[in-house]
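Please arrange chain B on chain A, whose structure you already have, making use of the hints.
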Amino acid sequence: MIRMADISSTFGSFQLRGINLTINAGEYWVIVGPSGAGKSALLQIVSGFKPGYSGKLMRDEVDLRSVPPEKRNIGFVFQQDVLFPHRTVAGNLRFPLELRKIPRSEIESRVEEYATKMKILPLLGRAIEGLSGGEIQRVAIARALIFKPEILVLDEPFSALDHNSRIELQEELKGLRKTFGFTALHVTHSRDEAFSLASHLAVMRSGEIVQAGSCEAVRSSPASTFVSEFLGLTSQPIA
Amino acid sequence: MHVGFAFFPIAPFSVATNLVLFFVNLFVLFSAGYVVDVSRWKKAGAFLLGYGLLFGILILKFNKPPLFVLLAVLYVGFFGTKQLFGFFLIFFGSFVLFQPFAFESFILLILLYVAYWRIDKNVSGFVRASLLIGLAGLALLLLPLLHLGMQDSIQSLLRTLERPDVRNAIAVSLGTSLVSTLILALWAIPFSYGMARHDFAGKRMVESLIDMPILVPQSVAGVAFIVLLGPGSILGTVFDGYGIGISGTYVGIVIAQVFVSSPFIIKSAIAAFEAVPVRYEMASRTLGASEIRTFLSVTLPLASRGILFGAALSWARSISEFGCIVLFASSPATAPILVHTEFLRAGASESRPLAMLFLIICLWMFFLMHFAQHLLPYSLQRRKVGAQP
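Going line by line, the protein sequences match chains A and B.
At position 2 of the first sequence (counting the first as 1) the number is 2 in the working numbering, and the numbers step up by one without a gap.
At position 303 of the second sequence (counting the first as 1) the number is 303 in the working numbering, and the numbers step up by one without a gap.
Only chain A is shown next, with the shape it has when bound in the complex (with noise of 0.2 angstroms):
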């Protein structure tokens, strides 16, 4: 479980001020906003790369203010490709593993498996450069689930991607879910997808969260003419 309460913190001009939000075992919560909302910025401080905040982040009972980036068992799929160039699609995934010091056999025999998940076998060989914009998140999903992370948190990370790859790796992701039952924290722009993810919803609007819950919840009833509009909703808020 993953626990915010009343997080603040400015990055720059911009302030993200009172975030509470708690993230159970298994579920799939989408951050919803318009751009400049603060939903990249909140990412920062989950994934331990903004120490500067006040307020509490806790993983069950640890506080973790002070604990590293590298040791806060998050998967992160970035916005922008991040695989690493000097290595192959396969060095890419062994490489979380590697630094776990997991035994070789069971390295390759995980790649295998999230290769085939992400449908990715038959690019394990191949370089990073040259691989489609598609080919590179599904693998960039891949290496964020391998190590089996406590939660998986996305950011934007179909927004560079055409409508059809969209659609596509959104099911897929639907799929893994199913398999693997993780828990994810996905910020994104688009109320599609948000819909087609969610099993929870946030809706932050200038570095704060308006309205959360679980998705059907939010969908019946709106918390303002904000939420509605922006999640193109027919039913009304509720005052």
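It is worth saying that the hints were derived from the structure and are not from the lab.
Ideal Cβ placement from N, Cα and C applies to all residues, glycine included.
Hints are supplied without guarantee of correctness; some may be wrong.
[Claimed, not checked] In the DMTMM-like style, the derived pairs of lysine to aspartate or glutamate whose C-alpha atoms are separated by at most 25 angstroms in a straight line are: (1) A:K50 x B:D199; (2) A:K50 x B:D240; (3) A:K50 x B:E350; (4) A:K148 x A:E112; (5) A:K148 x B:E274; (6) A:K178 x A:E208; (7) A:K71 x B:D211; (8) A:K101 x B:E291.
[As the list claims (entries may be wrong)] Derived CB-CB ranges, DEER-like: (9) A:P68 x B:V216: 41 to 49 angstroms; (10) B:R128 x A:E229: 50 to 58 angstroms; (11) B:F366 x A:A127: 23 to 31 angstroms; (12) B:H374 x A:S224: 58 to 66 angstroms; (13) A:A25 x B:R279: 27 to 35 angstroms; (14) A:G130 x B:W187: 55 to 63 angstroms; (15) A:Q15 x B:R204: 52 to 60 angstroms; (16) A:G52 x B:W187: 29 to 37 angstroms; (17) A:P68 x B:W187: 22 to 30 angstroms; (18) B:D120 x A:S109: 46 to 54 angstroms; (19) A:F195 x B:I119: 50 to 58 angstroms; (20) A:E216 x B:R204: 25 to 33 angstroms.
[What the hints assert, rightly or not] Quick look at which bits of chain B chain A covers, simulated, 3 or more residues with Cβ under 8 angstroms: (21) 283-291; (22) 297-307.
Relative to the frame of chain A, chain B by itself:
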């Protein structure tokens, strides 16, 4: 005409020469029909004009019938193909017009010409002209070295290499420059990484200070080292007390080399680290790698080519350093010091083979280091112009 020549009261050629020229002209006429489309008058006219010039220069001006025969045959053979004709003109220009710099001009012009042909045909005229002017300037810069390279035979170089003082000087140069490059790498790599990854107040000034060894005259640096570490100085006396001699020892040479060559590796390494996007490091951290492991497994391999390039430059600067070493640590003699001593003792002709030998060793090592870059893993350096960032 050739028959007329034969019956001239004072024949311009001997009978044999006249006969050879007759057959050459016959061959030229016969071949020209194939090479030049005679119905295209401009081209045929250019062909004849070129042939006339060749005749005028080689026979009338220089009176070299055998050379004319050789070049006339080449001229006809190469006229129809642009590249080959270019090679012919370079050959002609170098060996007929640019004597006594025939080999030098031939090599430089051929390099220029090949470079010209390798420039993409879609490149704009301005870029092409800029490149060519730049390449021509580069060729002129390299001319003295190339000219030096043409002066001595392999035998005289081997004889020079047999001299024990020459061998010693080369060994001292190679050894000290490698040690100083290693020391520089150990210091410059982490320093450059810090510079590339963090902006701080005064960073601009630190960058200027890094350039200082380039700005300071090497003789000034030599005097500065003598004042700080030389015999009789406070630090020099302290080190002497511990049995560590600095001025006039290997240690002194290495210190001088490190000083003069440090900017090259530091600046290259900073540029190489800046070219590695921080997001790769963030990805590595989230995958479980510590900061140091990320540096060793991700950042350093991706920056390695740029760093090695800087190291090669630093090494080259170290091994060729003279001004600072001659004042601060002129003994044991490095190769540049020996060249200088030899020049003072016996003049340019005596020091030339030594200089040449040293040039060959430096160039060979430099090429090796450049070649080694290509054995390194993928690099983010030197992406093709127009490639996606």
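A quick look at each hint next to the structure:
| no. | hint | verdict |
| --- | --- | --- |
| 1 | A:K50 x B:D199 | 17 angstroms, holds |
| 2 | A:K50 x B:D240 | 51 angstroms, violated |
| 3 | A:K50 x B:E350 | 67 angstroms, violated |
| 4 | A:K148 x A:E112 | 15 angstroms, holds |
| 5 | A:K148 x B:E274 | 32 angstroms, violated |
| 6 | A:K178 x A:E208 | 31 angstroms, violated |
| 7 | A:K71 x B:D211 | 40 angstroms, violated |
| 8 | A:K101 x B:E291 | 17 angstroms, holds |
| 9 | A:P68 x B:V216: 41 to 49 angstroms | 42 angstroms, holds |
| 10 | B:R128 x A:E229: 50 to 58 angstroms | 57 angstroms, holds |
| 11 | B:F366 x A:A127: 23 to 31 angstroms | 29 angstroms, holds |
| 12 | B:H374 x A:S224: 58 to 66 angstroms | 60 angstroms, holds |
| 13 | A:A25 x B:R279: 27 to 35 angstroms | 28 angstroms, holds |
| 14 | A:G130 x B:W187: 55 to 63 angstroms | 37 angstroms, violated |
| 15 | A:Q15 x B:R204: 52 to 60 angstroms | 30 angstroms, violated |
| 16 | A:G52 x B:W187: 29 to 37 angstroms | 31 angstroms, holds |
| 17 | A:P68 x B:W187: 22 to 30 angstroms | 27 angstroms, holds |
| 18 | B:D120 x A:S109: 46 to 54 angstroms | 48 angstroms, holds |
| 19 | A:F195 x B:I119: 50 to 58 angstroms | 54 angstroms, holds |
| 20 | A:E216 x B:R204: 25 to 33 angstroms | 56 angstroms, violated |
| 21 | 283-291 | holds (count 9) |
| 22 | 297-307 | holds (count 4) |
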